[in-house]
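2 protein chains.
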Amino acid sequence: MNIDMIRAAARRLEGHARRTPLLSSPFLDAIAGRRVFVKPECLQHTGSFKFRGGWSAVSALTEDQRQRGVIAFSSGNHAQGVASAARSHGAPCVIVMPQDAPAVKITNTKGLGAEVIMYDRATEDRDAIGARIAAERGLTLIKPFDDPQVIAGQGTTGLEIAADAAALGITHADVIVCCGGGGLTSGIALACEADAPTLRVRPAEPVGFDDVARSLTSGTIQRNPRLTGSLCDAIITPQPGDITFPILKRLCGPGLVVSDDECLRAMNVAFSHLRIVLEPGGAAALAGALYHGDQIDGDTVIVVASGGNVDPATFQRALDITA
Amino acid sequence: MNIDMIRAAARRLEGHARRTPLLSSPFLDAIAGRRVFVKPECLQHTGSFKFRGGWSAVSALTEDQRQRGVIAFSSGNHAQGVASAARSHGAPCVIVMPQDAPAVKITNTKGLGAEVIMYDRATEDRDAIGARIAAERGLTLIKPFDDPQVIAGQGTTGLEIAADAAALGITHADVIVCCGGGGLTSGIALACEADAPTLRVRPAEPVGFDDVARSLTSGTIQRNPRLTGSLCDAIITPQPGDITFPILKRLCGPGLVVSDDECLRAMNVAFSHLRIVLEPGGAAALAGALYHGDQIDGDTVIVVASGGNVDPATFQRALDITA
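Each protein sequence line maps, in turn, to chains Z and P. Residue 7 is where the first sequence starts when you use my numbering, and the numbers rise one by one after that. Residue 7 is where the second sequence starts when you use my numbering, and the numbers rise one by one after that.
Hints were generated in silico from the structure; no laboratory data involved. Heads up, the beta-carbon is just placed ideally off N, CA and C, and yes, glycines get one too. One thing to keep in mind: the hints can contain errors.
Said to hold, decoys possible - To list a few chain Z residues with every Cβ distance to chain P over 12 Å, as calculated:
no.	residue
1	M7
2	R18
3	P46
4	Q73
5	E121
6	D133
7	I139
8	R229
9	G259
Claimed, not checked - Derived coverage of chain P by chain Z (criterion: at least 3 residues anywhere in the stretch with Cβ under 8 Å from a Cβ of chain Z; other residues may be distant):
no.	region
10	113-120
11	278-284
Use the sequences and the hints to build the structure in full.
Given below as structure tokens:
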């Protein structure tokens, strides 16, 4: 896993992934007490950065692998990213999703042409279900984060941040990234190491699901005690990956930990002042920048708003809250 | 009023206005029955295309005029565009707003440093109020649409559409534009005439406030019978402008007329599938593309989503409606 793979992924994504800008608003700056730049990956195809990793992985397959097809496990964003990339490449796609995934994510994944197989998180073993189908049909598994080509795709986000920060004259800043298993965070960290080494990448996670923050503190992989009970479904994973964690450990600053309410407030701010739609997990980094400024250094912070696939009922909670 | 003024405005806006992309989603294409590209001016600074016209007008003033300051009448989007441009140029700014403007627009205009003077639409004459203040302080009035430098600024939207359509290989398409007094629509029409003459620009307006559509049909300026009772506050004006109408008449295709409910449905679609926040008036063109496809020619349509400054309560109505 290295920068050359990220640069190669960027070439494969050229003309296919959307190059998202850095958004800003004086109202965000006032709340945060410093300049805030937001990279809205909610505007990416399929509504999250996961399209990048999906495209990178599918486009790196052999023609024979593509013809047999791909399979992924996902509560939603990885599912849509892989499904969309697979369809564009003419590859059959099976997605194994938990029954309690947000309805909008299930509907959209089906709408992107994937075959969706539902399972019950409480009683069924998704790995067993997936392994059986993959074996029967010769499908290639595309993991959500612990896969070099997936990390390479997500890392293209970091190449864009490095280029745009340089254009804006930003030399020192924390880059806060919504973090589940660490695919996006580790990819951005590798890209910044190469192209913007004075930027410091830091993960943001929900309270109670801060496996990466605790792993960074302890220096060893820590697990979350549970996997349900957060609004931030997009970034809840059991533990950092075997590939991602060594990268995070080597390159990242300390993790930020935010509450569900803070994520809802950040969604409200993004609605009012950036006019973008964020999901709770996609707003965790912005929540860190807006409401945990005492843990951030410098006069500028860059935030990756990683996704915007949210059910209307959850979005209404963000509209109802006082930012 | 000509293309050279638009190109000059584009040079003045360079590095200040955001260059918005063309967004798309297979889900929108499926609803519309053709390819749909959306230019999200809700992502523009201050949340609408009005920043372009405001910046163009303020940057075209003499240093002496800028030091005395500017004044504008607006229910909100023009107010914020002018206020933000004035602040960046160090020009004092007075905005005269109706008391029934959306709260978010009033709050944001004040937050951008403008002095806001409220008036009662029913009992007070805003022109008299504005004229008195302008005379007392020597302020320059920046009209919302019937001003060549404002039209020039809005027209930069059309230069970007022409360039992006060419890059996508789009040769023939309707370009549907949310239309109030016609500043944005006429500016885009002039830009497309020069740079993409096979694109056809068409206004979209709310039912009952379709002065431009009726004016285009009759060939003479028609007025709206009333000015209240639409959700689309951003695009309700008494009649097309004296400068804008001749341009619209010469260059535009027939107007599209959409209902408030169709605008709310379009906002819902934009929320779910583009993850952008639109206000009702900013969704009129998308509503036309999605729900009036029988009036549109060709396999591709381009839509300008002109703004996203919407109160949470109105946005909730869009979340509650079935798209």
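- Among the hints numbered above, which are violated by the structure, and what are their numbers in rising order? Number 3 only.
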